[in-house]
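Spelled out from the first residue to the last, the chains are:
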Amino acid sequence: MTTTRSALTGAAPLVHCLTNTVVQTLTANALLAVGAAPAMVDEPLEAEGFAAVASAVLVNLGTVHERTAAAMRLAARAAAAAGTPWVLDPVAVGGLAFRTDLAAELLDSRPTVVRGNASEIMALAGAGGGGRGVDSTATADDALGAATALAGRTGGVVAVSGPVDLVTDGSRTVGIGGGSVLLTRTTGAGCALGALVAAYVAVAGDALTGAVAAHAHVALAAEAAAAVAAGPGTFAPLWLDALDAVTDFGPAQVTG
Amino acid sequence: MTTTRSALTGAAPLVHCLTNTVVQTLTANALLAVGAAPAMVDEPLEAEGFAAVASAVLVNLGTVHERTAAAMRLAARAAAAAGTPWVLDPVAVGGLAFRTDLAAELLDSRPTVVRGNASEIMALAGAGGGGRGVDSTATADDALGAATALAGRTGGVVAVSGPVDLVTDGSRTVGIGGGSVLLTRTTGAGCALGALVAAYVAVAGDALTGAVAAHAHVALAAEAAAAVAAGPGTFAPLWLDALDAVTDFGPAQVTG
Amino acid sequence: MTTTRSALTGAAPLVHCLTNTVVQTLTANALLAVGAAPAMVDEPLEAEGFAAVASAVLVNLGTVHERTAAAMRLAARAAAAAGTPWVLDPVAVGGLAFRTDLAAELLDSRPTVVRGNASEIMALAGAGGGGRGVDSTATADDALGAATALAGRTGGVVAVSGPVDLVTDGSRTVGIGGGSVLLTRTTGAGCALGALVAAYVAVAGDALTGAVAAHAHVALAAEAAAAVAAGPGTFAPLWLDALDAVTDFGPAQVTG
Numbered sequence: 001m002t003t004t005r006s007a008l009t010g011a012a013p014l015v016h017c018l019t020n021t022v023v024q025t026l027t028a029n030a031l032l033a034v035g036a037a038p039a040m041v042d043e044p045l046e047a048e049g050f051a052a053v054a055s056a057v058l059v060n061l062g063t064v065h066e067r068t069a070a071a072m073r074l075a076a077r078a079a080a081a082a083g084t085p086w087v088l089d090p091v092a093v094g095g096l097a098f099r100t101d102l103a104a105e106l107l108d109s110r111p112t113v114v115r116g117n118a119s120e121i122m123a124l125a126g127a128g129g130g131g132r133g134v135d136s137t138a139t140a141d142d143a144l145g146a147a148t149a150l151a152g153r154t155g156g157v158v159a160v161s162g163p164v165d166l167v168t169d170g171s172r173t174v175g176i177g178g179g180s181v182l183l184t185r186t187t188g189a190g191c192a193l194g195a196l197v198a199a200y201v202a203v204a205g206d207a208l209t210g211a212v213a214a215h216a217h218v219a220l221a222a223e224a225a226a227a228v229a230a231g232p233g234t235f236a237p238l239w240l241d242a243l244d245a246v247t248d249f250g251p252a253q254v255t256g
Numbered sequence: 001m002t003t004t005r006s007a008l009t010g011a012a013p014l015v016h017c018l019t020n021t022v023v024q025t026l027t028a029n030a031l032l033a034v035g036a037a038p039a040m041v042d043e044p045l046e047a048e049g050f051a052a053v054a055s056a057v058l059v060n061l062g063t064v065h066e067r068t069a070a071a072m073r074l075a076a077r078a079a080a081a082a083g084t085p086w087v088l089d090p091v092a093v094g095g096l097a098f099r100t101d102l103a104a105e106l107l108d109s110r111p112t113v114v115r116g117n118a119s120e121i122m123a124l125a126g127a128g129g130g131g132r133g134v135d136s137t138a139t140a141d142d143a144l145g146a147a148t149a150l151a152g153r154t155g156g157v158v159a160v161s162g163p164v165d166l167v168t169d170g171s172r173t174v175g176i177g178g179g180s181v182l183l184t185r186t187t188g189a190g191c192a193l194g195a196l197v198a199a200y201v202a203v204a205g206d207a208l209t210g211a212v213a214a215h216a217h218v219a220l221a222a223e224a225a226a227a228v229a230a231g232p233g234t235f236a237p238l239w240l241d242a243l244d245a246v247t248d249f250g251p252a253q254v255t256g
Numbered sequence: 001m002t003t004t005r006s007a008l009t010g011a012a013p014l015v016h017c018l019t020n021t022v023v024q025t026l027t028a029n030a031l032l033a034v035g036a037a038p039a040m041v042d043e044p045l046e047a048e049g050f051a052a053v054a055s056a057v058l059v060n061l062g063t064v065h066e067r068t069a070a071a072m073r074l075a076a077r078a079a080a081a082a083g084t085p086w087v088l089d090p091v092a093v094g095g096l097a098f099r100t101d102l103a104a105e106l107l108d109s110r111p112t113v114v115r116g117n118a119s120e121i122m123a124l125a126g127a128g129g130g131g132r133g134v135d136s137t138a139t140a141d142d143a144l145g146a147a148t149a150l151a152g153r154t155g156g157v158v159a160v161s162g163p164v165d166l167v168t169d170g171s172r173t174v175g176i177g178g179g180s181v182l183l184t185r186t187t188g189a190g191c192a193l194g195a196l197v198a199a200y201v202a203v204a205g206d207a208l209t210g211a212v213a214a215h216a217h218v219a220l221a222a223e224a225a226a227a228v229a230a231g232p233g234t235f236a237p238l239w240l241d242a243l244d245a246v247t248d249f250g251p252a253q254v255t256g
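Quick mapping for you: the protein sequence lines, in order, are chains A, B and C.
Just so we're aligned, residue 1 is where the first sequence starts under this note's numbering, counting upward by one.
Just so we're aligned, residue 1 is where the second sequence starts under this note's numbering, counting upward by one.
Just so we're aligned, residue 1 is where the third sequence starts under this note's numbering, counting upward by one.
Since the hints were derived computationally from the structure, they do not count as laboratory data.
Quick caveat, the model's predicted, so the values are computed rather than measured.
Glycine included, every Cβ here is placed at the ideal spot set by N, Cα and C.
Heads up, a few of these hints could be off.
Here are some of the chain B residues that sit facing chain C, going by a computed Cβ distance under 10 Å [stated by the list, open to error]: (1) Thr4; (2) Val23; (3) Val64; (4) Thr68; (5) Ala92; (6) Arg185; (7) Gly233.
Pairwise CB distance ranges, derived in the manner of DEER restraints [unchecked claim]: (8) C:Thr247 / A:Arg172: 46 to 52 Å; (9) A:Asp108 / B:Asp248: 39 to 45 Å; (10) C:Glu105 / B:Thr4: 55 to 61 Å; (11) A:Asp248 / B:Asp206: 40 to 46 Å; (12) C:Thr139 / A:Ser6: 50 to 56 Å; (13) A:Thr139 / B:Asp108: 41 to 47 Å; (14) C:Val228 / A:Thr247: 43 to 49 Å; (15) A:Ala11 / C:Ala104: 45 to 51 Å; (16) A:Thr9 / B:Ala97: 35 to 41 Å; (17) A:Ala82 / B:Asp108: 48 to 54 Å; (18) C:Arg67 / B:Gly205: 40 to 46 Å; (19) A:Val164 / B:Val53: 47 to 53 Å.
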C-alpha cells in the first residue's frame, strides 16, 4: 500500500498544474522539493497540447475564471484521451454555481483522483450544499459515503482531507493520520498536496497507492516542520525543507 | 479606540479579497495568521454572490485588468447593497488612467475604508498627480487634508500609510507609529494590511476602531519580527509568526 | 566588466515586470532586496504607458496568455521606442507554438537582453526544439553558438543559465560560475534573475556589464544563502536576505 519516495525522485514526473494564483508558488516549490518538475501553463491555446505530454495533470478550481476554465476543460480531456493521470481539486465547489457546474462537467473526463475537503467532496457528490469557500464544516468521516459514491462514478480514487485523511477507491479505504494543524494555516498546503498526489500517481502502480503515498509524505513532512517552526509563517519554508528531506515512509503512517 | 485581537479570532471573519496576483499568497497567509478566513474569488460570475455572503470585502487595484475590474465593480456594489464593510486599496492610482477611472467609479459604492499611501490618497482625492507605481513621494502628513476630504466624500474612513500611519473618519484622526521599515521592503505587506483592515472592520463596532486595530496589529508584529529577522527575506515569515503571536494591543501604540 | 551594487541602490530603478504569476512575489521581493522598485502592471490599457516611464522592462513568458501577450507586445514596443532597456525571458519557448510565435515576434522589438536556459535560447535562435517546460536538457556551452547568433540578430546581449552562466554580446562572452544548485530548486529564481538583469542594465554603462553584474550578484547571494540554508524551503528567504547583504562583487566571480 505504499510507493517509495525514491521512485518519485528517480522518475521526476512533469506535473502540469492548472491551479489557482494564490498557491502557484508553494505548489511549484513543493513539487521541486520532492523531485518532481512543475509547469503552470494555463492558456487554452497551450493547455491541451501540454497536458498530453505531461506525466500528470492537476486541475484546481480555486481562482478559476472563464479563460482558465476553458484551459481546464481542454487539459482534462487531453489527459483522459492520452491515459495520463489527472487530479481534480474542486475548491469551494458547492456554494458557487460557476465552479460547481464546471466541476460536474470535468467529472465526465473521469479524474484519476479527486482531492478535497469534506464539504467539497460532499457537494461534488451531490450530498451537501458545500462550505464557505475553502473551509470545511464537515468531517472526513461525514464525507466517506459521498467519497465512495464519487469514486464509483469516476472509476477513480477520492481523497478527503481532515485531521485523518481518508483515501478510497470505492472498495478499499485508507486513513492517513498525523500531519499538523499548521497545514491548515498555510495557504495552499492542501492545494500543493493535490499536486503531489498527481506526481505520485504518475509513478505509482495504481492510483490508490500513489494518492496514499502523497498524503503520507505531506503528513510526515508537516510533523517534522511543526516540531521546529515558531509559527505559521516559518512553518511553510520548513515544510518545504522537510518535503525534500523525507526519505521514505512505511505502513506506520497508514491504516488500511 | 481599540478592538481586541480575541474578538477577531473568535469571529473568524471570511474576507473576500479581489487583490493583485503579486500579493495573494502573503495576504491569505496574513489573514490565516490572525485567525480570519481568506477567499480570493475574482471571476465576475462568482464575485457578486460571494461578496454578499462574505464578512468583508477587499478590492486592491495592484494588477487590475478588465475581467477583474468587472468583478470588483460587482463585488463593491454587492457589499454596499448588503451593508457588508469593504476596503478599497487604490494601488498606483493617479499615474494610470484605467485604474484611476476605476477607483473614482468604485468610490460611488462608498468604501468603508480607503487605505493607501500618501500619493495614492492625494490622487484619489483629486489633490495630486500620483506617484510612480506603488512608491509614495509624499508623506502621510501631506495627505491628511486629502484624506479628510475623501472621508467626507465616502462617509467612511481613510488610512494613509507612512512612517506614522494616519487613520481618519474626517473628524477624528489617529496616528499609529512603530512598525518597521522592513514592511516597505516586503512586497504585499501594505496590501495585506488592507486585508486585515477588512477583517477587523468586520468585527469592530465602527470602522475607525477596526482600521486602527489592524494598523496597530501589523505594526506590533513588524516590530517583533524586525527584532529577530536577518534581512528582508526572513522578515516575511517571521512577520506572519508575529501576526499570529500578537495577543492584544492597547493605547500605547495609538495616539488619538 | 563590473558595475557596482551601490550604483543600483543609488538609482533605485523602477522595473516594469510583465511576468508569470508563479514568480511575481519572489521577483518583486528580489528587486526590493537589491534596492530596485518593482511594478507588475500587465493590463494592455496600462502596459504601454507604464513601460515608457519605467527604468527598464521585463517580459517573461512563463504563464503568458492572450491578454498578457497583448500587454507584452505593447510594452516591448514602447520600451524600444523610448530607448528603455528591456529583457526577454522566453520561458519554455520551443515546445509550445503560441509562446514560440510570440517570442519570435517580440524579437522584432530588439530586446536589450535575452535570458534563458540553454534549451530556450537554442529554440529561440532556431537551433533546437526546446525543452519540456522550464527544464533545460542542453548545457550552456551547447547553446553558445545559438546565443551568439541570437545576439547578432537582436544587436543586444544574450545570457544562458547553467552551472556556469554565459553572457555574450556576440563578440565578448563572459562566464559566471558559483551560485548554488538550490537556485534550480526554487521556483522563480531564474525569473527573478531576469528582473535583476533589467534593473542592472538600467543603471550600467552597457548591457553586457549590467547583465554580468546581475548574474554575479545572484550567484554570490546564492552561495551565501546555501551556506546556511537547511533545504530548498529555507533557502529562498535567506537568498533574499543575501541579495540585500551583498555589498559588491569583483572580477573573482567573472571570467572574461
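Going through the hints against the structure:
With 10 Å as the threshold, the beta carbon of B:Thr4 stays out of range of chain C, its nearest partner Cβ sitting at about 31 Å, so the hint is violated. For B:Val23, the interface hint holds, since its Cβ comes within 10 Å of a Cβ in chain C; the closest pair sits about 7 Å apart. Against a cut-off of 10 Å between C-beta atoms, the interface hint on B:Val64 holds, since the closest Cβ of chain C lies about 6 Å away. Evaluation of the B:Thr68 hint against chain C yields a held restraint, the C-beta minimum of about 9 Å falling below 10 Å.
For B:Ala92, the interface hint holds, since its Cβ comes within 10 Å of a Cβ in chain C; the closest pair sits about 7 Å apart. Annotation: interface hint on B:Arg185 holds; nearest CB of chain C at approximately 5 Å, less than 10 Å. Because the closest C-beta pair between B:Gly233 and chain C is about 3 Å apart, less than 10 Å, the hint holds. The hinted window of 46 to 52 Å between C:Thr247 and A:Arg172 is violated, with their beta carbons roughly 60 Å apart.
Range check, A:Asp108 to B:Asp248: about 52 Å between beta-carbon atoms, so the 39 to 45 Å window is missed. Take C:Glu105 and B:Thr4: their Cβ atoms lie about 57 Å apart, and the range 55 to 61 Å holds. Between A:Asp248 and B:Asp206 the C-beta distance comes to about 56 Å, which lies outside the given range of 40 to 46 Å. Taking the beta carbon of each, C:Thr139 and A:Ser6 are about 26 Å apart, not inside 50 to 56 Å as hinted.
The hinted window of 41 to 47 Å between A:Thr139 and B:Asp108 holds, with their beta carbons roughly 44 Å apart. Separation of C:Val228 from A:Thr247 is about 23 Å and departs from the stated range, judged on CB atoms against 43 to 49 Å. Range check, A:Ala11 to C:Ala104: about 33 Å between beta-carbon atoms, so the 45 to 51 Å window is missed. At about 51 Å, the CB distance of A:Thr9 to B:Ala97 disagrees with the hint of 35 to 41 Å.
Range check, A:Ala82 to B:Asp108: about 50 Å between beta-carbon atoms, so the 48 to 54 Å window is met. The beta-carbon spacing between C:Arg67 and B:Gly205, approximately 42 Å, falls within the hinted interval of 40 to 46 Å. At roughly 30 Å, the beta-carbon separation of A:Val164 and B:Val53 lies outside the given 47 to 53 Å, and the hint is violated.
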